[in-house]
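Dock chain to chain to rebuild the complex, using the hints, since each chain is given by itself in its own frame.
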Amino acid sequence: MDFRPEHFGGLLHLAHPRLLLWLDENLASVFKQDPGQDVCRHTELTEGGPSQRESLLGAPIEVHMNLSERCWTGCSHCYVDATPSGPVMNPARACRLLDLMADARVFHVALGGGEPLDYPALLEVAHHARKRGIVPNLTTSGTGLNEKTAFRLTRVFGQINVSLDVPPGQGDSFRSDLHVAEQSLVMLRKYSKNVGINMVLSRKTFRQLNKIIALASKLGLGEVELLRLKPGGRASSIYEKERITASQGIELLPRVLSLAIKYRTAIRMDCSLAPFIYYHRPNLDVLSFFNIRGCEAGNMLAGVDASGNLKACSFSPWIEGPAEHMLDFFGNKGAFTIFNELEQTLGEPCASCDYLELCRGGCRAVAYFLTGQASSPDPECPVVLGLPSPYVSLKTAMISWIGRSE
Amino acid sequence: MRQKKEKTRFSHILSLKTGLNPNSSSLGANTTWLLVWSSALAIFGPVLSLAIRGIAAVRKKDKPGNT
Numbered sequence: 003m004d005f006r007p008e009h010f011g012g013l014l015h016l017a018h019p020r021l022l023l024w025l026d027e028n029l030a031s032v033f034k035q036d037p038g039q040d041v042c043r044h045t046e047l048t049e050g051g052p053s054q055r056e057s058l059l060g061a062p063i064e065v066h067m068n069l070s071e072r073c074w075t076g077c078s079h080c081y082v083d084a085t086p087s088g089p090v091m092n093p094a095r096a097c098r099l100l101d102l103m104a105d106a107r108v109f110h111v112a113l114g115g116g117e118p119l120d121y122p123a124l125l126e127v128a129h130h131a132r133k134r135g136i137v138p139n140l141t142t143s144g145t146g147l148n149e150k151t152a153f154r155l156t157r158v159f160g161q162i163n164v165s166l167d168v169p170p171g172q173g174d175s176f177r178s179d180l181h182v183a184e185q186s187l188v189m190l191r192k193y194s195k196n197v198g199i200n201m202v203l204s205r206k207t208f209r210q211l212n213k214i215i216a217l218a219s220k221l222g223l224g225e226v227e228l229l230r231l232k233p234g235g236r237a238s239s240i241y242e243k244e245r246i247t248a249s250q251g252i253e254l255l256p257r258v259l260s261l262a263i264k265y266r267t268a269i270r271m272d273c274s275l276a277p278f279i280y281y282h283r284p285n286l287d288v289l290s291f292f293n294i295r296g297c298e299a300g301n302m303l304a305g306v307d308a309s310g311n312l313k314a315c316s317f318s319p320w321i322e323g324p325a326e327h328m329l330d331f332f333g334n335k336g337a338f339t340i341f342n343e344l345e346q347t348l349g350e351p352c353a354s355c356d357y358l359e360l361c362r363g364g365c366r367a368v369a370y371f372l373t374g375q376a377s378s379p380d381p382e383c384p385v386v387l388g389l390p391s392p393y394v395s396l397k398t399a400m401i402s403w404i405g406r407s408e
Numbered sequence: 009m010r011q012k013k014e015k016t017r018f019s020h021i022l023s024l025k026t027g028l029n030p031n032s033s034s035l036g037a038n039t040t041w042l043l044v045w046s047s048a049l050a051i052f053g054p055v056l057s058l059a060i061r062g063i064a065a066v067r068k069k070d071k072p073g074n075t
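Sequence lines, in order, name chains B and A.
Residue numbers are given in the numbering used here: position 36 of the first sequence equals residue 38, and the series is strictly consecutive.
Residue numbers are given in the numbering used here: position 65 of the second sequence equals residue 73, and the series is strictly consecutive.
Simulated from the structure, these hints should not be mistaken for lab results.
Take these hints with a grain of salt, some might be off.
[Stated by the list, open to error] Which stretches of chain B does chain A cover? Using the computed rule of at least three CB atoms under 8 Å from a CB of chain A, they are:
#1 27-34
#2 129-143
#3 151-164
#4 196-208
#5 237-246
#6 326-332
[To be verified] Covered, in the sense of this in silico footprint (three residues per stretch, anywhere, with C-beta under 8 Å from a C-beta of chain A), are these stretches of chain B:
#7 109-116
#8 251-261
[Stated by the list, open to error] List of simulated lysine-lysine pairs, DSSO-like, C-alpha gap at most 30 Å:
#9 B:LYS133 - A:LYS68
#10 A:LYS68 - B:LYS34
#11 A:LYS69 - B:LYS34
#12 B:LYS195 - B:LYS213
Backbone N, C-alpha and C fix where the C-beta goes; we use that ideal spot for every residue, glycine too.
For reference, chain A alone in the conformation it holds in the complex (with noise of 0.2 Å):
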């Protein structure tokens, strides 16, 4: 019998935040992004996993030992 194949596991990253905060009260949130990236979110989140992925790869393949 065919066995059934494995769930591939995907790579997530589940929220991100941008630039830096110098104010020495709070957070900051760029709010600016919820105009920006609503309608981006779906597909901004597996493009970065994959670039992300990719050179983690790189990095791991060019580290002495590994071949």
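The shape of chain B in the complex, shown without the other chains (with noise of 0.2 Å):
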């Protein structure tokens, strides 16, 4: 159990269940040893800031770190644009970061790449964390992997997720190793439940989506995590093409819950994908509620790339500066600006959305890519686009009933 002060009240990380809980300040107070003592960041640093965001956090609750921008598997869609002479972070260089997060108490870690199974000290950073109170995670091709590395990363990760978007054998993909990709998934699932598949939405991978599914459900996997395509390295040539279409971004939401409750698997939701939940119009409270919110670029989250740059998240263009001076920009209202200061100036119709304090105007990385305004609607928003929300659709129609029966 692990607290962390923050000025609503606090952050509670539990290891079992794996849980975080945002406890409002009467119960935050029970777990407050001084409260004097260990104030929040946010309060220090950020009197006088520029931007009105009230939510944001004295720390992020989870950093993805790319230790190496190697790999040689060159999937089409690689958002780092990883080469096998990509840049690599130096060792010493991570567990010094990681120490800066274990002093700001950011919660997870995220290590990824690259490939991260080919950075040779991928598990002494891992160890590293861990025994700075970090839970480190991991997501893999699962190229090289055997059954010795299997048990020792099973050991130290919390979770592992391996990245599969089309099942073997089932249709085009973007990477061409995926008997390995399946035979690293049986090889981790030996060894802990705490094991899953990232799969990238793309028009062609929406089809496979079923089969992912029901393939997590055969292995035994704990979850399923879909991913938005993302227009960064080597995608943003194929982006255009590729990514899913307007029909599918509203076929999504109701497609995964069907999934879910027929085989009976966890589907998380990137937060890039928030718009196409958000069109159906679910319960703001639950939303809230169950954190299934858009961009928390720079606040939940922030990413530190194999150069050992800061960036708001691992997809944002724009980087704030090197990773060493993580401890300026946590908390601080003046930093992130781009991220902290959307609600102020998102136009239309994002600024009169009712989803807009969650959804935060989609995914800065596709709404820079395409219109580039840093501060644009995501334009692949179906609100965006002007298509009407069934549920709009049903009430207009009810309304319109009504009147003509009057």
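Next comes the structure, spelled out in structure tokens:
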């Protein structure tokens, strides 16, 4: 159990069950050892800051760290443009950055790449994170995994996901090593139940959604995480051809929920898919309570690339500075300005949308790539596209029907 | 005159996040909760609050110096 005070009360991190709880001041007071001594950095750093963002945390809950931008698989949708000769983070530097995160009381770190299994000091870095009270998690293609490594990985990482967009032998994929990915999943699952699949959604892979969830269920995996294709690195050249269509975006949430029931598998969706969830107008309180949120870059989330640059999230096109200065950025309303001022700078239809506070205009990486403007609404959001929500259509039809009968 | 009873301040869990996110690029929200917990939300929060408060009270009591 780990507690971090915040301006609203505090965050309580539980290892078993794996939960992060936002507590109000009254409940948080039970866990504060000395309320005067351990004040939230948020209030110290942000006096007079230009932004009005009230929900800003004192530090991210998780940081995504790319240890290496080296990879031999050459996936066409790689957002970091990983190559066999890409930059690699020095392990000593990685551990120093983890120390800073521990000082800021970050709870989780997601280690990725490139291919992190090719990073020689992966286990040492992960053990260092554990030693400093941070839970390390891992995403890998599975290339080069053997039984011994699988066992050692499952001992230190909290959650391991293997990237797989299409079941082997079932059609076009961004990658060629589908059997390797499946074998890796089988190996990892032998030693831990905290193993899952990362699936990048494109207009081609969308058709494989059922099969991927079925495969996860068959292998007894804990979860599937669905990711939106992002226009970074090599993916920027295929983005407009491969992104999901508007009708697939609309179909996504109903399909995901029905598959979750059918296969009894937990399905996570990444923050950039939030507009496709909110389009169906789910209950705001439920969304807020379960943190089904859109862009939390620079607040709940931060990213560090293999060259040691701090970003608001891994996909952000903007480098904020060297990651060694992260403590000056966390909880600072004057930092990550593009992200922290979104609620003021986003135009219509976001400005008047009921879901603005949670959605925050969709994915910045996508919006900037397609419009060239940092604070433009996500152009792929069905609401921005002007597609009528089924809920609104039903409501309008009922109102007009009632009007007619009178 | 009878003094007005002070209003009890209830403790609240404002929100929660389950699981761990291994992805190096997103926050990862478990959308299954939309389905499963929508109807149970009304009772889940207070019950969990009570449980945590109970655990915390026991821990406080067990600390040396507390009687």
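Evaluated hints:
Restraint check on the region 27-34 of chain B versus chain A: 4 residues with Cβ-Cβ distances below 8 Å, three needed, restraint holds. Requiring three or more residues with a Cβ within less than 8 Å of a Cβ of chain A, the coverage given for the region 129-143 of chain B holds, as 4 such residues are present. Remark: the region 151-164 of chain B is confirmed as covered by chain A, as 5 of its residues place a Cβ nearer than 8 Å to a Cβ of that chain, reaching the required three. Using a Cβ-Cβ cut-off of 8 Å, 3 residues of the region 196-208 of chain B lie near chain A, which meets the minimum of three, so the contact claim holds.
As drawn, the region 237-246 of chain B meets chain A at 0 residues by the rule of a beta-carbon pair under 8 Å; below three, the given contact is violated. As drawn, the region 326-332 of chain B meets chain A at 0 residues by the rule of a beta-carbon pair under 8 Å; below three, the given contact is violated. Residues of the region 109-116 of chain B lying with their CB closer than 8 Å to a CB of chain A number 5, which satisfies the three-residue condition for coverage. Check result for the region 251-261 of chain B against chain A: holds, 3 residues qualifying (beta carbon to beta carbon below 8 Å, three or more required).
Between LYS133 of chain B and LYS68 of chain A the CA atoms are separated by roughly 26 Å; this keeps the pair inside 30 Å, and the hint holds. As the CA atoms of LYS68 of chain A and LYS34 of chain B are separated by approximately 11 Å, the hinted pair is consistent with the 30 Å bound. For the proposed pair LYS69 of chain A and LYS34 of chain B, the alpha carbon gap of about 15 Å is at most 30 Å, so the pair holds. Restraint check for LYS195 of chain B and LYS213 of chain B: satisfied, since their Cα atoms lie roughly 20 Å apart, inside the 30 Å limit.
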